[in-house]
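Q: Chain by chain, the residues:
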Amino acid sequence: MEPTRNSHATLVDLLDRILDKGVIIYADLIVSVAGIPLIGVNLRAALAGMETMLQYGVMQDWDARTRAWEREHRKEKELSVTSGEEVILEMLGSYHYSEGIYTAWRMGRIYLTDRRLILYHSSFQEVIFETPLEKIKGLAIETEEYFTERKERENLCLLLEAGNIARLHAVDTHKLREAMDQEMARLGVAWQEMPTLPMRDERAASFLDDGEEIACRGKMWYLVALPAPGGLISETWRSGHLYLTNKRLCWWYDFERRIVFEIPLEWIAASTVETRSLGPALGNRRVLDVIYQNDPGKQVASFSGDELWQWDKALNRIVSQPVLVSAGEIDTCPQCGQGAPVTELLEKGCAGCGWVSPRLKKEIPQAASSS
Amino acid sequence: MSERTEVQTALKREARYLYCVADTGESVSLGEIGIEGSEVYTIPYRDICAVVHNCPAEPYKSSDDEVVKAWVLTHQAVIDVAWEKWGTVLPLGFDTIITAREGSDEEQNTRNWLMEEYESLKKRIEKVRGKAEYGVQVFWDPKALAQNLTETSPELKQLEEEIGSKPKGLAYMYRQKLENLLKKEMELKADECFKDFYARIKKHVDDIRVEKTKKTDQGSQMIMNLSCLVYIDKYRELGEELDEINKMDGFSVRFTGPWPPYSFVSA
Numbered sequence: 001m002e003p004t005r006n007s008h009a010t011l012v013d014l015l016d017r018i019l020d021k022g023v024i025i026y027a028d029l030i031v032s033v034a035g036i037p038l039i040g041v042n043l044r045a046a047l048a049g050m051e052t053m054l055q056y057g058v059m060q061d062w063d064a065r066t067r068a069w070e071r072e073h074r075k076e077k078e079l080s081v082t083s084g085e086e087v088i089l090e091m092l093g094s095y096h097y098s099e100g101i102y103t104a105w106r107m108g109r110i111y112l113t114d115r116r117l118i119l120y121h122s123s124f125q126e127v128i129f130e131t132p133l134e135k136i137k138g139l140a141i142e143t144e145e146y147f148t149e150r151k152e153r154e155n156l157c158l159l160l161e162a163g164n165i166a167r168l169h170a171v172d173t174h175k176l177r178e179a180m181d182q183e184m185a186r187l188g189v190a191w192q193e194m195p196t197l198p199m200r201d202e203r204a205a206s207f208l209d210d211g212e213e214i215a216c217r218g219k220m221w222y223l224v225a226l227p228a229p230g231g232l233i234s235e236t237w238r239s240g241h242l243y244l245t246n247k248r249l250c251w252w253y254d255f256e257r258r259i260v261f262e263i264p265l266e267w268i269a270a271s272t273v274e275t276r277s278l279g280p281a282l283g284n285r286r287v288l289d290v291i292y293q294n295d296p297g298k299q300v301a302s303f304s305g306d307e308l309w310q311w312d313k314a315l316n317r318i319v320s321q322p323v324l325v326s327a328g329e330i331d332t333c334p335q336c337g338q339g340a341p342v343t344e345l346l347e348k349g350c351a352g353c354g355w356v357s358p359r360l361k362k363e364i365p366q367a368a369s370s371s
Numbered sequence: 001m002s003e004r005t006e007v008q009t010a011l012k013r014e015a016r017y018l019y020c021v022a023d024t025g026e027s028v029s030l031g032e033i034g035i036e037g038s039e040v041y042t043i044p045y046r047d048i049c050a051v052v053h054n055c056p057a058e059p060y061k062s063s064d065d066e067v068v069k070a071w072v073l074t075h076q077a078v079i080d081v082a083w084e085k086w087g088t089v090l091p092l093g094f095d096t097i098i099t100a101r102e103g104s105d106e107e108q109n110t111r112n113w114l115m116e117e118y119e120s121l122k123k124r125i126e127k128v129r130g131k132a133e134y135g136v137q138v139f140w141d142p143k144a145l146a147q148n149l150t151e152t153s154p155e156l157k158q159l160e161e162e163i164g165s166k167p168k169g170l171a172y173m174y175r176q177k178l179e180n181l182l183k184k185e186m187e188l189k190a191d192e193c194f195k196d197f198y199a200r201i202k203k204h205v206d207d208i209r210v211e212k213t214k215k216t217d218q219g220s221q222m223i224m225n226l227s228c229l230v231y232i233d234k235y236r237e238l239g240e241e242l243d244e245i246n247k248m249d250g251f252s253v254r255f256t257g258p259w260p261p262y263s264f265v266s267a
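Chain order of the listed sequences is S and C. If you're matching positions, the first sequence starts at 1 in my numbering and goes up one per residue. If you're matching positions, the second sequence starts at 1 in my numbering and goes up one per residue.
Mixed in with the good hints there might be a few duds.
[What the hints assert, rightly or not] Each computed DSS-like pair below joins lysine-lysine, with the alpha-carbon atoms no more than 30 angstroms apart:
| hint | chain 1 | residue 1 | chain 2 | residue 2 |
| --- | --- | --- | --- | --- |
| 1 | S | Lys175 | C | Lys127 |
| 2 | C | Lys202 | S | Lys219 |
| 3 | S | Lys219 | C | Lys85 |
| 4 | C | Lys85 | C | Lys183 |
| 5 | C | Lys203 | C | Lys168 |
| 6 | S | Lys219 | C | Lys234 |
| 7 | C | Lys143 | C | Lys214 |
| 8 | S | Lys135 | C | Lys143 |
| 9 | S | Lys298 | S | Lys348 |
| 10 | C | Lys157 | C | Lys202 |
| 11 | C | Lys234 | C | Lys202 |
| 12 | C | Lys122 | S | Lys175 |
| 13 | C | Lys122 | C | Lys215 |
| 14 | C | Lys143 | C | Lys85 |
| 15 | S | Lys219 | C | Lys203 |
| 16 | S | Lys298 | S | Lys219 |
| 17 | S | Lys219 | C | Lys168 |
| 18 | S | Lys348 | S | Lys313 |
| 19 | C | Lys212 | C | Lys195 |
| 20 | S | Lys175 | C | Lys247 |
| 21 | C | Lys212 | C | Lys143 |
| 22 | S | Lys219 | C | Lys123 |
| 23 | C | Lys234 | C | Lys247 |
| 24 | C | Lys234 | C | Lys214 |
| 25 | S | Lys219 | C | Lys127 |
Read the hints as simulated data drawn from the structure, not as lab findings.
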């Protein structure tokens, strides 16, 4: 079921919100609104379905009761801890909940007590995640690209019994970790650091072959061609994740939770980056076009996301590698091993890692002082 | 003060009409997209801003529905522009106008408000970041349900059968009894549905407000009216859940949005 926001069909819904809700400013700052409610009354009365169920007799009491039940039910209560249990730290956080195909970060308040670590949703009065401290075998902090923010964020990974991993995010992940370290020390429990986390990317874990390794990954829009009525093809941007592995380039479609585009590395012919309009919702963005060769001829796959120049660079390295090796004047940078023309390496240094030859190093300060 | 100067004072654009608070410290104009073609711009404080236009210090009011409708839709359209541009907004209701008070002008008052409420506004911005509001209304067909209940409840069924065999006066009393019982059963059923749907919807949303149900003009009855705060990339899962409810016999669902988070920003 898709939501609608057609301005005609949902005017009532808009009025409900716009006339009764929103941020409230204290009265002494704003123009007196005496009589203002009238503004909506005419219009609301004119629209069908606006009366409350007052006349409805049968359901009126029920409606009031139901809302009272819900209010009671969702009243924001603090987490109650058992007597003698002490809350050490409390902060906003979320827990990565995954069961079957349903995965989500669920928000709540993290409570670290002297016995447990708890994530509690106060509106729903629901314990989302809970573990006794002594059941935590190890912990580590990982970084991941976060969906709705552009930046990376840090998650706290807990190694629990039976090899289970729980993933938490807190407003201040490091502070939480420190507090947990202290608590564990107090309890006299030593935990193992987790130097290598098991595959943190559950998406990738589901499609990677044996021996396949990820070189690049990132959240990426992909231009999907869909059959439209009348035999036409309509193109729309869909959100997902692009992966470059040592075997293939593939795109994971978030909504369907599977790989819907993949090509072997050998097919990649070229890539370019340019700014294009992605439609009214997304606006102008940089787009990475990957040109690849398969049986019917050349084709293009378009992606949009962050750090496209890095993807472009990575793809171009794949494309140019065989050429580079065959050309005589190519050598590898002594620092990072990337291929580049010898003359460029000697005269300019390495474009990849910034390495410059000792001779060049000597010349640079001279040039700087003489100018 | 003469009438003339009063009029002039009122017409001077010495107040600020507020559309929303946005997640940016930019000072920028959005162009003449506001109510009655006013120029909409931002008044920043630190990393947030108020999206406003200059207006006379009196509320917009009209008895003409079409005029009001146009204003309301424009109010929403401006918020939509800011929402798309800056990602997170706290919408204000229609006709919120900040004016000059006690030696402090309207511009300063707006900034003061942002300053005094800064922590609280930031908190609300974090609460709604990456999320949108969706309206969910569940309806049922009371006739079909009453029919169904009468058929499935042995007590009701027996009563109905007995009515036919009773003399007129007694039949009337029996009918009263039947209606009372049916009403009770309906409410029980509605209770059960509400709790069931609530629990199912809750899984896919970050927060819920339960609104008053409303009378509908057709035969259906609204038994649930929710505002849901949903992660932008999760609304489809909510839609799938609603499909399941919509498929149930005698039930239908209305799903609206995405709305700016009107129901989740009032402190």
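Q: Against this structure, judge whether each hint is valid.
A: Hint check:
no. : hint                : result
1   : S:Lys175 x C:Lys127 : holds, 21 angstroms
2   : C:Lys202 x S:Lys219 : holds, 27 angstroms
3   : S:Lys219 x C:Lys85  : holds, 20 angstroms
4   : C:Lys85 x C:Lys183  : violated, 51 angstroms
5   : C:Lys203 x C:Lys168 : violated, 52 angstroms
6   : S:Lys219 x C:Lys234 : holds, 16 angstroms
7   : C:Lys143 x C:Lys214 : holds, 18 angstroms
8   : S:Lys135 x C:Lys143 : violated, 55 angstroms
9   : S:Lys298 x S:Lys348 : violated, 35 angstroms
10  : C:Lys157 x C:Lys202 : violated, 36 angstroms
11  : C:Lys234 x C:Lys202 : holds, 12 angstroms
12  : C:Lys122 x S:Lys175 : holds, 21 angstroms
13  : C:Lys122 x C:Lys215 : violated, 37 angstroms
14  : C:Lys143 x C:Lys85  : violated, 48 angstroms
15  : S:Lys219 x C:Lys203 : holds, 25 angstroms
16  : S:Lys298 x S:Lys219 : holds, 25 angstroms
17  : S:Lys219 x C:Lys168 : violated, 74 angstroms
18  : S:Lys348 x S:Lys313 : holds, 19 angstroms
19  : C:Lys212 x C:Lys195 : holds, 16 angstroms
20  : S:Lys175 x C:Lys247 : violated, 48 angstroms
21  : C:Lys212 x C:Lys143 : holds, 22 angstroms
22  : S:Lys219 x C:Lys123 : holds, 27 angstroms
23  : C:Lys234 x C:Lys247 : holds, 21 angstroms
24  : C:Lys234 x C:Lys214 : holds, 27 angstroms
25  : S:Lys219 x C:Lys127 : holds, 23 angstroms
The structure shown violates the earlier hints numbered 4, 5, 8, 9, 10, 13, 14, 17 and 20.
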